[in-house]
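Residues per chain, in single letters:
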Amino acid sequence: GAVVSQHPSRVICKSGTSVKIECRSLDFQATTMFWYRQFPKQSLMLMATSNEGSKATYEQGVEKDKFLINHASLTLSTLTVTSAHPEDSSFYICSARDRSPSEKLFFGSGTQLSVL
Amino acid sequence: LAKTTQPISMDSYEGQEVNITCSHNNIATNDYITWYQQFPSQGPRFIIQGYKTKVTNEVASLFIPADRKSSTLSLPRVSLSDTAVYYCLVATGGEYGNKLVFGAGTILRVKS
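If you read the sequences in order, they're chains X and E. Read left to right, the first sequence gives residues 1 to 116 (my numbering). Read left to right, the second sequence gives residues 117 to 228 (my numbering).
It is worth saying that the hints were derived from the structure and are not from the lab. In this text the structure is predicted, and so the values were computed from the model without any measurement. Note that CB positions come from ideal geometry on N, CA and C, so glycine has one too. Watch out, some of these pointers could steer you wrong.
[What the hints assert, rightly or not] Taking lysine-lysine and the DSS-like style, the derived pairs with C-alpha atoms no more than 27 Å apart in a straight line are:
id : chain 1 : residue 1 : chain 2 : residue 2
1  : X       : 41        : X       : 66
2  : E       : 119       : X       : 104
3  : E       : 119       : E       : 227
4  : E       : 185       : X       : 104
5  : X       : 55        : X       : 104
6  : X       : 41        : X       : 14
7  : E       : 227       : X       : 104
8  : X       : 104       : E       : 170
9  : X       : 14        : X       : 64
10 : E       : 119       : E       : 170
11 : X       : 64        : X       : 20
12 : E       : 119       : X       : 64
13 : X       : 66        : X       : 14
14 : E       : 168       : E       : 185
15 : X       : 55        : X       : 20
16 : X       : 55        : X       : 66
17 : X       : 41        : X       : 55
18 : E       : 168       : E       : 119
19 : X       : 41        : E       : 170
20 : X       : 41        : E       : 227
21 : X       : 14        : X       : 104
[To be verified] Here are a few chain X residues that face chain E, going by a calculated C-beta distance under 10 Å:
id : residue
22 : 4
23 : 36
24 : 39
25 : 45
26 : 76
27 : 80
28 : 83
29 : 94
30 : 109
31 : 110
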């Protein structure tokens with residue numbers, strides 16, 4: 001199956017710093033990528049939909065100025081958590097959709113963000 | 117966007133067959149049904165996808181009745197390593213497609 005690479009897998013930062021997470025589709029072109037957030041023992045929560053060459057679409061309640069998304073190419077989307085605070089600590093997961101009509105999603109391995 | 121409902125948790129023993137049913141009463145004509153598996157601190161992994169009737173691959177089978185308002189993931193002869201959370205999603209393809217929202221998922225615990 002298709003491979004989605006997500007880096008870093010784990011990051012620890014001080015409060016107030018910004019953190020960038022990269023998501024790459026390695027063997028297919030992804031016009032659309034999705035960013036999810038997951039708290040312990042909870043399901044994945046969709047944060048935003050990232051479309052190549054256009055602005056991301058954010059879900060209700062997600063601050064677009066806090067979570068900056070850039071989808072500059074068909075294989076790369078980045079999520080930047082700006083001025084991170086302890087409440088932003090979470091597991092962030094990206095996914096990319098292939099071009100088939102069945103809309104199969106492929107997921108990155110996730111990034112555990114810990115803000116001190 | 118079709119909402120899905122699954123049992124919160126299920127317990128099984130090694131070697132047994134496990135069936136997890138997902139309800140999606142308002143599934144749209146063009147929606148596919150996809151199941152994912154997630155281990156702790158990992159991204160979800162694709163298991164199987166179907167549109168109608170039955171689909172089988174090397175790890176699971178997916179049964180979809182004619183009305184498509186539910187689907188059943190069948191895991192043959194589970195092992196301890198199948199302990200994970202299982203999610204079913206319904207989604208429609210297209211230029212950008214619908215948003216893909218996860219339900220609560222089913223926690224499967226396999227015991228020895």
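Problem - Unmet hints by their number, sorted upward, for this structure - result: Hints 3, 7, 17, 19, 21, 24, 26, 27, 28 not satisfied by this model.
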